[in-house]
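Whole structure, please, built from the sequences with the hints as guidance.
Under the working numbering, the first residue of the first sequence is numbered 400, with each subsequent residue one higher.
Warning: the hint list may mix true and false statements.
Lysine-lysine pairs mimicking BS3-like chemistry, simulated, CA-CA at most 30 angstroms apart [as the list claims (entries may be wrong)]:
id	residue 1	residue 2
1	675	705
2	698	717
3	675	421
4	736	791
5	682	627
6	543	567
7	421	627
8	791	682
9	683	649
10	649	476
11	675	418
12	454	476
13	736	682
14	698	649
15	791	717
16	485	627
FRET-style restraints, in silico, Cβ to Cβ [claimed, not checked]:
id	residue 1	residue 2	range
17	672	741	46 to 54 angstroms
18	691	636	19 to 27 angstroms
19	718	628	47 to 55 angstroms
20	628	505	31 to 39 angstroms
21	628	596	43 to 51 angstroms
22	487	776	53 to 61 angstroms
23	489	649	19 to 27 angstroms
24	616	489	49 to 57 angstroms
25	773	718	17 to 25 angstroms
Please keep in mind that the hints were generated in silico from the structure rather than gathered at the bench. Here a beta-carbon is modelled for each residue, glycine too, at the ideal position from N, C-alpha and C.
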Amino acid sequence: MWCTMEYIDDVFLSVLRSKIFKNRDALSPDYIPEVLPHRESQIRRLGGILAHALKGSKPGNVFIYGLTGTGKTAVTKFVLRRLTLKARELNVAVKYAYINCRQSDTPYRVLADIAEALGIRVPFTGLSIAEVYRRILRGLNEYKGVFIIVLDELDSLIKRKGDDILYKLLRVNEEGIEVKVSLICITNDVKLLEILDPRVRSSLGEEEIIFPPYNALELRDILLFRAKEAFNDGVLEEDVIPLCAALAAKEHGDARRALDLLRVAGEIAERENSDKVTCEHVKKAYSEIEKNTTLEVVKSLPLQAKIVLHAILLLEEKNVKPITTGHIYSVYTNLCKVIGVSCLTQRRISDIISQLDTLGLISAEIVSRGRYGRTRVVKINVDRKILVEALKDWRSITH
DNA sequence: CGTCCACAGGAATGACGGGCGG
DNA sequence: CCGCCCGTCATTCCTGTGGACG
Numbered sequence: 400m401w402c403t404m405e406y407i408d409d410v411f412l413s414v415l416r417s418k419i420f421k422n423r424d425a426l427s428p429d430y431i432p433e434v435l436p437h438r439e440s441q442i443r444r445l446g447g448i449l450a451h452a453l454k455g456s457k458p459g460n461v462f463i464y465g466l467t468g469t470g471k472t473a474v475t476k477f478v479l480r481r482l483t484l485k486a487r488e489l490n491v492a493v494k495y496a497y498i499n500c501r502q503s504d505t506p507y508r509v510l511a512d513i514a515e516a517l518g519i520r521v522p523f524t525g526l527s528i529a530e531v532y533r534r535i536l537r538g539l540n541e542y543k544g545v546f547i548i549v550l551d552e553l554d555s556l557i558k559r560k561g562d563d564i565l566y567k568l569l570r571v572n573e574e575g576i577e578v579k580v581s582l583i584c585i586t587n588d589v590k591l592l593e594i595l596d597p598r599v600r601s602s603l604g605e606e607e608i609i610f611p612p613y614n615a616l617e618l619r620d621i622l623l624f625r626a627k628e629a630f631n632d633g634v635l636e637e638d639v640i641p642l643c644a645a646l647a648a649k650e651h652g653d654a655r656r657a658l659d660l661l662r663v664a665g666e667i668a669e670r671e672n673s674d675k676v677t678c679e680h681v682k683k684a685y686s687e688i689e690k691n692t693t694l695e696v697v698k699s700l701p702l703q704a705k706i707v708l709h710a711i712l713l714l715e716e717k718n719v720k721p722i723t724t725g726h727i728y729s730v731y732t733n734l735c736k737v738i739g740v741s742c743l744t745q746r747r748i749s750d751i752i753s754q755l756d757t758l759g760l761i762s763a764e765i766v767s768r769g770r771y772g773r774t775r776v777v778k779i780n781v782d783r784k785i786l787v788e789a790l791k792d793w794r795s796i797t798h
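Structure (structure tokens):
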């Protein structure tokens, strides 16, 4: 009893008076800092466009393009926050809805989120899309002002569900309503604009802002700023930040990755009761992050996807030269028989394979082998040992 | 140079559960 | 409570296609 209490108290205390962290939240992906280094021009562009809202007129629609972790979301939120503050100061009606299309990945949920931002209560499900749309129009009619809709990670929505929602949202302005609705679309796929309906495209492409990836030097500046807020003075060894920046720069200059790396390195240092964060901690953090994410992804996979993944793993172990859809499917059907699970069509497996690809677990490249047909060649994309661990339960049954 | 393989991937459809309006 | 409409998963049927083979 005593021991437990003391132990618990120790845990509390060690967190409360952390030797390492001053404010760990400053490294979280949701944190919007006061300074966004190396994004001045994008902030100025977006701010200039949206400033029209302060005069009560409709800002042009904006299309924002940039790879993950290039600050698109942070810049957008940052500018919108300043804008609404300024609007309140000037007593102008400006509202915005921020929607992450990866989380709200159906037309219904997008509309529901918009409704919610307008203060309209909408059930999780049960209404027709048209009904939600009608309610939003009604809400907008009462509101009378500038309304900005941000659609973050729009590509995941469009690719799966098409662009009719965009069409609807763009048409709001023509419904005979006094409200001005502007769209900000954020995507990491350049080709997205090309996929869209021409009318939608020209309307969305009114303004275009590009976010290039950060290089290692820029990442270093970002980390320096954040580290000042997040860590106690002098706990970072000199090379820690450059190392985090360099590792993240190798992976497309993703600032979120760099920040994660730094945060986890700090957590490891703390766990080890170290006074300093060292490069060793960063390296540990690097592999820990990779392991955790893949483990989590694999475990949360639906049953059939796990079986498919297992089939791929078996083929790779048997050293099958090119792993193709056909191979996977035949191994998969065998596995299903062994386990006693109903097996799906090849069509479905094809979809599951591409899902595994977009999750990053495998890379499936479409290859044409002439007379021998056109197929996907699959290669495992993560540490095999981690996959084996994640699929442990299966292996005992099947071998 | 045409064939034809081994699939990719779109469209239509259905089964099913969740959840609301009435 | 029923009927309706969602979203998800899965099937069926289908057309499309790059390039080695003959």
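Comparing the hints with the structure gives:
1. 675 <-> 705: 41 angstroms, violated
2. 698 <-> 717: Measuring from Cα to Cα gives roughly 24 angstroms; hence the hint holds.
3. 675 <-> 421: Holds - the C-alpha atoms of residue 421 and residue 675 are around 13 angstroms apart, at most 30 angstroms.
4. 736 <-> 791: 19 angstroms, holds
5. 682 <-> 627: 21 angstroms, holds
6. 543 <-> 567: Given that 30 angstroms is the threshold and the Cα spacing comes to 19 angstroms, the pair holds.
7. 421 <-> 627: 9 angstroms, holds
8. 791 <-> 682: Roughly 26 angstroms separates the two Cα atoms, so the pair holds.
9. 683 <-> 649: Judged against 30 angstroms, a Cα distance of about 17 angstroms means the pair holds.
10. 649 <-> 476: 27 angstroms, holds
11. 675 <-> 418: 8 angstroms, holds
12. 454 <-> 476: Holds. Residue 454 to residue 476 sits at ~20 angstroms (cutoff 30 angstroms).
13. 736 <-> 682: 43 angstroms, violated
14. 698 <-> 649: 27 angstroms, holds
15. 791 <-> 717: 18 angstroms, holds
16. 485 <-> 627: Distance ~28 angstroms between residue 485 and residue 627 Cα, so the pair holds.
17. 672 <-> 741: 46 to 54 angstroms: 52 angstroms, holds
18. 691 <-> 636: 19 to 27 angstroms: 24 angstroms, holds
19. 718 <-> 628: 47 to 55 angstroms: 51 angstroms, holds
20. 628 <-> 505: 31 to 39 angstroms: 37 angstroms, holds
21. 628 <-> 596: 43 to 51 angstroms: Between residue 628 and residue 596, where Cβ atoms are some 44 angstroms apart, the hint holds.
22. 487 <-> 776: 53 to 61 angstroms: 56 angstroms, holds
23. 489 <-> 649: 19 to 27 angstroms: 45 angstroms, violated
24. 616 <-> 489: 49 to 57 angstroms: Taking Cβ atoms as reference, residue 616 and residue 489 lie about 38 angstroms apart, which means the hint is violated.
25. 773 <-> 718: 17 to 25 angstroms: 23 angstroms, holds
The structure fails hints 1, 13, 23, 24 (numbered hints given earlier, in ascending order).
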